[in-house]
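Q: If you read the sequences in order, they're chains B and V.
Remember, the working numbering sits 14 above the position in the first sequence when you count from 1.
Remember, the working numbering sits 5 above the position in the second sequence when you count from 1.
Check each hint, because a few of them may be wrong.
[As the list claims (entries may be wrong)] Chain B is faced by these chain V residues, among others (derived, beta-carbon under 8 Å): (1) Lys220; (2) Val222; (3) Tyr228; (4) His327.
[Unchecked claim] Here are a few chain V residues that sit away from chain B, every Cβ distance over 12 Å (derived from the structure): (5) Asp41; (6) Leu46; (7) Phe95; (8) Leu208; (9) Gly227; (10) Ser396.
Source of the hints: derived by calculation from the structure; they are not laboratory data.
All C-beta atoms, glycine included, are put in the ideal place defined by N, C-alpha and C.
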Amino acid sequence: MPVFGFDPRSVNYMEADGNRYFLLSLEGKAPLLVRDECPHRGGPLHLGQLDVAAEELHCPWHCQRIALRHLRRSAMPLIVRRDSAVVVLPGAGDVPVRAQRRVLLAVPPAQQRCEGN
Amino acid sequence: MKHSPVKSSPPAIDLEDYNLFRRCLIQYGESELFTDTEEWLSHDNPYRRTLRPHVFKHLDYSRPLRREDLLTYNSLSANRTLLTIYEQDFVLLPDRDFEAKQTDFKEFYSNRSIALGAVVRPWLERYLFSFLDKEISITGGWTADTLKAYFQDFADSLRRSASNKAMEAILASSNREHAARTFLIQLAGDFLLEASAMGRNILGHYGPLQSELFKIVIDEYGYGVHETKHSTLFRKVLSAGGLAQTPHAYWQFYLTSSLLVNNYYNWLGRDHTKFFRYLGAIFQAETTFIHSCARMAEMMRAVFGREVDVRYFTEHVHIDHHHSRMVFEKLIAPALATHGEGIIPEILRGFEEAALLGQLAEQDFCDQVSWSDDNQALKALHPPIHAKILSGELQPSRQQFIEPRGELSVTHVHDGDELCHINSGVMHFVTGHERHTVLNAGEGIVIRRNRLHGAIIDSEQCTYTIHSIGDHRKCLSSASTHAL
Ligand code: FES
Ligand SMILES: [Fe+2]
Ligand SMILES: [Fe+2]
Ligand SMILES: [Fe+2]
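If we strip away everything but chain B, and leave its shape as in the complex, we get (with noise of 0.2 Å):
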């Protein structure tokens, strides 16, 4: 399995084994590493939109409600320290991690609702 450290000031998103992840910072919450793929179709969730009164992620394709509880169970191991993090991703311990900085719109406060169910 890939042991992964990087600076998460830089750093909030990546892919490694054909998987997306993405750093969900909730306020006053510990940043989770989560998967970016929605269970759905596979929406991109990092743009998305936050609906934390819900405690929900909306899926930008369909508008599909993924619970945060769900996304906290399923995010990777991750420990995050001021200036670096390291994260143990699934697959093959040679797998390379691609890791980007990305514009974000899963922050909070979730400035617009998506109507969908």
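Given chain B, put chain V with the ligands in place with the hints provided.
A: Chain V with the ligands alone, transformed into the frame defined by chain B:
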């Protein structure tokens, strides 16, 4: 305020001149791509589609089609031509042997053809779609709320009643497989290019609506994975039905109404003044499709076996549930908020027009299934009517033809009933893909008005006579007169 052109006299080109249109139509038809063929199917060549252009000079498109005449030959011909013009906007490539088809490719996209099509297209659109203005009127004080209530009621009513006349017709046919194939052929005209008409609305700059429509296109195109693109899934359905999977292989077997529906969405997508109408139309289509796809999947399994690949249909049962909601919540509602309630009549018009055309196409399909099924009965009507012609009791106008073996009459329709009589030789009278009735010398058949058919000669030579009998039921009744 209405815009009127700034005059530069004399006009370089008078687009309102019917004669100009007519000359352009005839010239448009002067291409090898469109002439008659000696084969029923077009094999992996999306550029060749017979339009029977030699008939163009006899057709009158000066006055819009009336609803009663929707299935006439004029209409069939206008629809075949219009779809061809629309598809010159799309990239079409054969599956293989491009080199051998390269001249056709260049001709199909030639400036000559595109320019002529640009003059012809608006005339054919006006001819084909003007009747909708008379059929549907939208009045009164519509608001976002009343629109929502109406659309919600429509969606609920579909959930309550799940009947589908076309599927019932297939399952009741004496040749279910043929009827099912005929149905798939009608869908193929549109679904092998699925979402191309929608793609016409993707370009431009129109705010968040544009991105919302794009999300639907993402689904239609299978998230960029070819295996899941909707048209790829439809190819699998065609293969399950034992049919060829390249666009327009069955060009000759499209019913007029199927072409009309296909053209309608292209019309709305191409003419951007109809953008809001398009939104209403796709709300209707996406919502209806959820339910009809469930019925189609059942039909496919019933006819071709439980194992057939019906993912195209099951995918739409699922995703069009989303699309229906997305069109309303993410396109129509925000469009009203941004552009005002003044667009409601156009949205409603699109919704109503799509529904009406869908009903017309369903009826046309059901009628074609009975027409194919009833061929033996219509053959049995030949002797009594022909006897009346021989005795002089009926004196319809007639035309005689002498044709050699293999001569193929490209599929067409007649505007009144006709009696076909074989004087000598053998004809295969064709009513659909791989379905025909054999007519030997002395035999014949009643050809019902508006019903698609073709023929091929199966003897060294065949001489046959076509009598224009008008209405075969009147010919059979004892009260028939010489008035024919
Ligand atoms: S892909 Fe996320 S809701 Fe469909
Ligand atoms: Fe689709
Ligand atoms: Fe759809
Ligand atoms: Fe005919």
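Q: Taking C-beta pairs only, is Ser396(V) more than 12 Å away from all of chain B?
A: Label holds. Min Cβ-Cβ 70 Å, cutoff 12 Å.
Q: Please settle this one: Gly227(V) was flagged as non-interface, so is its CB more than 12 Å from every CB on chain B?
A: About 10 Å separates Gly227(V) from the closest Cβ of chain B, which leaves it inside 12 Å; violated.
Q: Taking the closest pair, is the beta carbon of Phe95(V) still more than 12 Å from chain B?
A: 25 Å, holds
Q: Under 8 Å, Cβ to Cβ, is where His327(V) needs to be relative to chain B, so tell me if that hint holds or is violated.
A: 4 Å, holds
Q: Beyond 12 Å from chain B, beta-carbon-wise, is Asp41(V)?
A: Answer for Asp41(V): holds, closest chain B Cβ roughly 46 Å.
Q: Given Val222(V) was flagged as interface, is its beta-carbon under 8 Å from a beta-carbon of chain B?
A: 11 Å, violated
Q: Would the hint on Lys220(V) stand, with a C-beta cut-off of 8 Å toward chain B?
A: Nearest chain B Cβ about 6 Å off; hint holds.
Q: Holds or violated: the hint that Tyr228(V) contacts chain B, with Cβ atoms closer than 8 Å.
A: 7 Å, holds
Q: Compute the least Cβ-Cβ separation between Leu208(V) and chain B, then decide whether it is above 12 Å.
A: Fine: 21 Å to the nearest Cβ keeps Leu208(V) off the interface.
Q: Would you assess whether Leu46(V), listed as outside the interface, keeps its beta-carbon beyond 12 Å of every beta-carbon in chain B?
A: 36 Å, holds
In summary, the numbered hints that this structure violates are 2 and 9.
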